[in-house]
Structure formats: structure tokens, C-alpha cells
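I would like the entire structure built from these sequences, with the hints used as guidance.
Protein chains in written order, with the numbering used here: chain A, -19 to 297; chain B, -19 to 297.
Hints were generated in silico from the structure; no laboratory data involved.
Treat the hints with care, as some may be off.
[Claimed, not checked] Lysine-lysine pairs mimicking DSSO-like chemistry, simulated, CA-CA at most 27 Å apart: (1) B:K8 with A:K111; (2) B:K272 with A:K115; (3) A:K111 with B:K225; (4) A:K0 with B:K134; (5) B:K111 with A:K4; (6) A:K1 with B:K0; (7) B:K16 with A:K108; (8) A:K8 with B:K111; (9) B:K282 with A:K143; (10) A:K115 with B:K115; (11) A:K4 with B:K115; (12) B:K0 with A:K8; (13) A:K1 with B:K108; (14) B:K1 with A:K115; (15) B:K16 with A:K115; (16) B:K4 with A:K108; (17) A:K111 with B:K4; (18) A:K236 with A:K225; (19) A:K8 with B:K134; (20) B:K8 with A:K134; (21) A:K143 with B:K134; (22) B:K4 with A:K139; (23) B:K1 with A:K108; (24) B:K272 with B:K282; (25) A:K111 with B:K1; (26) B:K4 with A:K143; (27) A:K1 with B:K115.
[Stated by the list, open to error] Computed footprint of chain B on chain A; a stretch qualifies when at least three of its residues, placed anywhere within it, have a C-beta under 8 Å from a C-beta of chain B: (28) 231 to 244; (29) 263 to 275.
Heads up, the beta-carbon is just placed ideally off N, CA and C, and yes, glycines get one too.
2 protein chains.
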Amino acid sequence: MWMDNEFLQGEMQQIEEQLKKALKTRNKTVQNALIKLQQSGGKRLRPVLTVLGATFGNYDASTVIPLAASLEVIHMATLIHDDIIDDTKLRRGSETLHSMLGRDVAVYTGDFLFTRAFMLIADIAEVKLMKDISKGMAYICDGEIDQNEQRYSKATTVKQYLKRISGKTAALFALSLASGGYKTGCSKRITNKLGVIGKDIGMAFQIIDDILDFTGSESKIGKPAFNDVIQGVYTLPVIFALNSKYKAETEAALDKMQQDAGNSLKEVLEKAGVIDKARKIAMRYVEKARSKTLELPDALGKEIILEIIDQQISRKF
Amino acid sequence: MWMDNEFLQGEMQQIEEQLKKALKTRNKTVQNALIKLQQSGGKRLRPVLTVLGATFGNYDASTVIPLAASLEVIHMATLIHDDIIDDTKLRRGSETLHSMLGRDVAVYTGDFLFTRAFMLIADIAEVKLMKDISKGMAYICDGEIDQNEQRYSKATTVKQYLKRISGKTAALFALSLASGGYKTGCSKRITNKLGVIGKDIGMAFQIIDDILDFTGSESKIGKPAFNDVIQGVYTLPVIFALNSKYKAETEAALDKMQQDAGNSLKEVLEKAGVIDKARKIAMRYVEKARSKTLELPDALGKEIILEIIDQQISRKF
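This is the structure in C-alpha cells:
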């Protein structure tokens, strides 16, 4: 498993230390909540991708680690704001920050983390990255705004769905992998390729994440099942079902979501075979990412990127 | 009046154009709301201070204008997030963004504006300013978090109040004036002095703003009277009253705030003379700011800064 790679473990430990510093604040309540947030972990996929992308150039931990940490901090900030909107109580199996601190403090804590991310990037004195990362963050906001506009809309198209997850998730994956390469002096061609690979990994990641909302158990995915649908966020399987001969049944199942805890929706999604259909779309992104990774020059990170890509389809949480 | 100054008017027009560009987004609903937000105006004090600070160095509009605009964008973003928390419906006499778009989209629109502010700063390629502005934003978050922790607390001290407004307001005023000087190559001594003056103006500004919550009319201040107290935000006059012989009466008036629309609170604040007492504190900051401004070398902005300082005490909105 790639998590056992010695080099990566060393770097990840440094990233955790950097994160710990970045999450320091003088308010004790907020500080404790942020410590819990860090301890509850998460996959740390974004900083891992940054480190891996950086192995294609002249790797230098003193700049790669703060950069990688900044991308995780941005991710944490967006999670905090997402959880406020969706009123999510559990994340990664732990109480969410807004559930611990209340909505009000959570808004500012998210903002605070954005400022910390920018300080980390400013520390490594990289204006071009500042612009790219700001742009990436703007894409995330766009994606989230799209998601909110499409909430409870049974007319959401596959194209709209793909555009929205491209903004809310894939943009940051792309940025994570590409910025690592950029920072260590990779050519424009390789940096761009890393970006495309990152984007495809992000697309696959989010589609699988959305599928797990239907198939995963609360204990494994660390949040309540059917959370998205309850929040009116209709993802790929539902969109497929709404565009199949099971349209009427799906609509009815969505409408009585609250009463039967998703049982009839689960049934119609199974009948329509749309979970598999969505998984195939994710598989396509995985294959694109894999073939482009094989075109990359040899580097320490290449094998690990391939492992991460392959893992996307089989992951259970 | 300083607003009629020809130089400043020209610069402000450019700032409005820069703001218009910075607030561009592909989502039409958000775009319209942001256009309304810009049109509803506001005093634009922060970018004005940046322009004025910049006149103490080698003024160059091509960098000063984006910098000034970025500080207004940060201010707008924090206003949007504040209005969500306080559930404010009116701001500057216009419907607030979260009232137009809903809480959810407003959270992301605030985030989106932060990214735009950072893009502006990255565009003028200034790493040191990035750090300073990130730090300034962190202070704002700290101040807002403090304010939330102190909400409905009758034990809030004057010291806590001053610390919280120093974070939530004065830090950005300080940054606005100082960054203008810094960007145009002022000496460290002058830049620092501009920062101290900006901070004192911000302190006076916020104390007066808090007083206007009690004394202003909705039509003039553009938001409902007694809004702060209703939200549990106890400002200087209330804190003074709670520390006077009218303590019990003030407590009782706060408790029945919702029923009698603030009538008894207004009465006890008048009796206790705490509005004047708070105004005197603001006056002290004004005097400090004025004497430090007089120590500055001659520059186009010096007289205007003095006018802005003097205006703080008499302003009615």
C-alpha cells in the first residue's frame, strides 16, 4: 500500500506538523476544535498529491511541505463551510466543527483557515502560485454555488453535475498535483499533464464519494447515509435514474425520502442499475488518469500515483 | 469636503471600475447580487485610506488602485459573512446579499470575494503585502470570534470590547493606510506611523458606529436601530452602563429588549450618560490620530486624512 511508503510517511509527518502550526489560534475554544479537526484525520489526498507531483522536479521539502499543507488547509476551510450549509453533524466519524462551535464561529473559523493557507503560500514567496490557488478556490466557490442552485432540482443534467464536481472537487486535486510539479521546476508540459491527471483523479474521487452516500455504511464513511439526497444534492446515480424509464418512481422515492429513510430510493436505484452506471463513469476517469500517468517520466511518485488512481474505484470510505 | 477633492474623485472612479471587474462571476444570480452590493455603495473609507497613504511615497496608480480595491473587497466579504451571522436584512439601506441569495450562497459568495481580493494582490506581485493582508484578515476573524463569544454576556469588559473592535475593524483600517505607504516606497518609520493612525481612525470609527446603533435613525444608518443589542452584541455604551450604578436597570432593559423595542434601554443609557462617555473615548482616538498625522511629512493626502479624522465624531451615518 502506498501509505506505507517510507518517503511519503516522512513527508506526511512533516505536513502534520506544519498543519498543527497553521491551525494555531489564540482563542481556546476554536483552538481545541481545530485540534480535534486535525486529529480526526482524513485521507490527506491533496497534500499527498502535491508531494508526489513535486517528485517529478527537484524536490525540496522546505517549500513543498508548506505548499502541500496550504492545500489541505484550504480543503479544511471549504469542509467547514460546507458542513454549515448542509448542517452535517458528522464528518470522518467525528463531530463537525460547526456542530461543536455553532454556525457563527464556524463561518469565521473557515475564513480564518483561508487566511492561514494564504500565509503559508506567501511564506514560500510564490506569486504565480498565489494566483493559481486563488483561481482554484474561486472554482470551488463556483461549484458550491452551482450545487446550491441545483438543490432539489430533478432537472439537473449529467453535464451540470460534472461541471459542478469539476469545480467543487477536481479543481483542487488538479491544483494539488500540478503545483507540486510547478514548485520543483517541472516543465510546463509536465506541470500541465499533472494538472490533467489530478483533475481526472478528482472527478473519479467525487463520483465514488457520491456513490458511497448510497452504498456505504455510516460507520465506514463517517457520515449518515443518504445525507446528500436528504440535503437535496442529487448526484450521478439519481440523475441517471431520473433520466431512465424509472423517472416517475425515482421522483416519488425522492419525495418520500424523509418518511422511509431512503428505502424506496435505494430500491429504485438498484432496479435501474444506475450505481453501476455511475461507477463506469468514474472508471473512465480512472483510465484516463492512468494512461496519462504512464506517459510521465520516471519519478519516485509515479508508482504511487498509479496506486492512488487504482484505489479510487475499490475504496469503501 | 474631502469627497470633492479632484485627485481623490479620479482615483475612486478607477477603484469602482476595478471593483466591478473583481466582482465578475459566471453565475447570473450571484452576479446581479454583487452588482447591487457595489451599487449600494458605502463610504469606501478603506480604499480611500490606501490612496491617501500612497501619496506619502512615489504614487503609482497602476499598483495602488488594485491594492485599494482588494482591501474594499475583503471588507465586502467580511460584511457578507457578518450579515449571515447577525441575520441582518438591511445594510447601507439596501437588502443584504444573504437576504437576496439565502444564507448558503452568501457563505460561498463571501469566500469567492476573498479569493478575488487575493488575486488582486497577487496581480501586483507583492509577497510581503500578501502576508500582512492575510494577517490582517486573521485579526478580523479573531475579532468576530471574540464578538460571538461575548454575545449576550453582561460581563464583557471595556478592555475586551476594545480588543474585539481592534481586530474586527481597526486592523483593516491600519492595513489600508499603511499598505498604501508601503507600496509606494515610504520608509518603515512612515509606514508604521500610517498604520498607527489608521488603527486609531478605525477605533474611533467603530465606537461611533456602535453609538449610532442607539442614536441613529434607520433611514440614516441604513439598518434597523438597536440591531446590535438585539443580536446580543453589547457595545461601549451598554458596557459602561453595566459598570455604573444603573447596572440593574440596564440588565433589566436588556432582558426586555424584544418586548419594548429598546425604549427602556434608551432611557437608561441617557440617564447614565454613557453615550457621551463612549463618545469621549472615540474623541481620544481621534485626537491621537490627529496629532500623529500632524507629525507626517507634507503630502497630498495629509489634509484629507485630517478631514477624515475630524469627520468621525460628527458623522450621523
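Does K134 of chain B lie within 27 Å of K8 of chain A when you go C-alpha to C-alpha? 20 Å, holds
Tell me if the straight-line CA distance from K8 of chain B to K111 of chain A falls inside 27 Å. 24 Å, holds
Is the straight-line distance between the alpha-carbon of K282 of chain B and that of K143 of chain A 27 Å or less? 51 Å, violated
Three residues minimum, CB to CB under 8 Å: does the segment 263 to 275 of chain A make the cut for coverage by chain B? Let me know. violated (count 0)
So if I understand the rule, the pair passes when the alpha-carbon distance is 27 Å or less; does K8 of chain A with K111 of chain B pass? 24 Å, holds
Could you grab the alpha-carbon distance between K143 of chain A and K134 of chain B and see if it respects the 27 Å cut-off? Roughly 49 Å between the alpha carbons, so the hint for K143 of chain A and K134 of chain B is violated.
Restraint check for K4 of chain B with K139 of chain A, where alpha carbons must lie at most 27 Å apart: Distance ~23 Å between K4 of chain B and K139 of chain A Cα, so the pair holds.
Is K111 of chain A within 27 Å of K1 of chain B, Cα to Cα? Given pair K111 of chain A, K1 of chain B holds - Cα atoms ~16 Å apart, limit 27 Å.
Is the straight-line distance between the alpha-carbon of K272 of chain B and that of K115 of chain A 27 Å or less? Violated - the C-alpha atoms of K115 of chain A and K272 of chain B are around 40 Å apart, more than 27 Å.
Verify the proposed pairing of K8 of chain B with K134 of chain A, using a straight-line Cα cut of 27 Å. 21 Å, holds
Take the C-alpha atoms of K1 of chain B and K108 of chain A, compute the straight-line distance between them, and say whether it is at most 27 Å. 20 Å, holds
Is the straight-line distance between the alpha-carbon of K111 of chain B and that of K4 of chain A 27 Å or less? 16 Å, holds
Checked against the numbered hints above, the structure violates hints 2, 3, 4, 6, 7, 9, 12, 21, 28 and 29; every other hint is satisfied.
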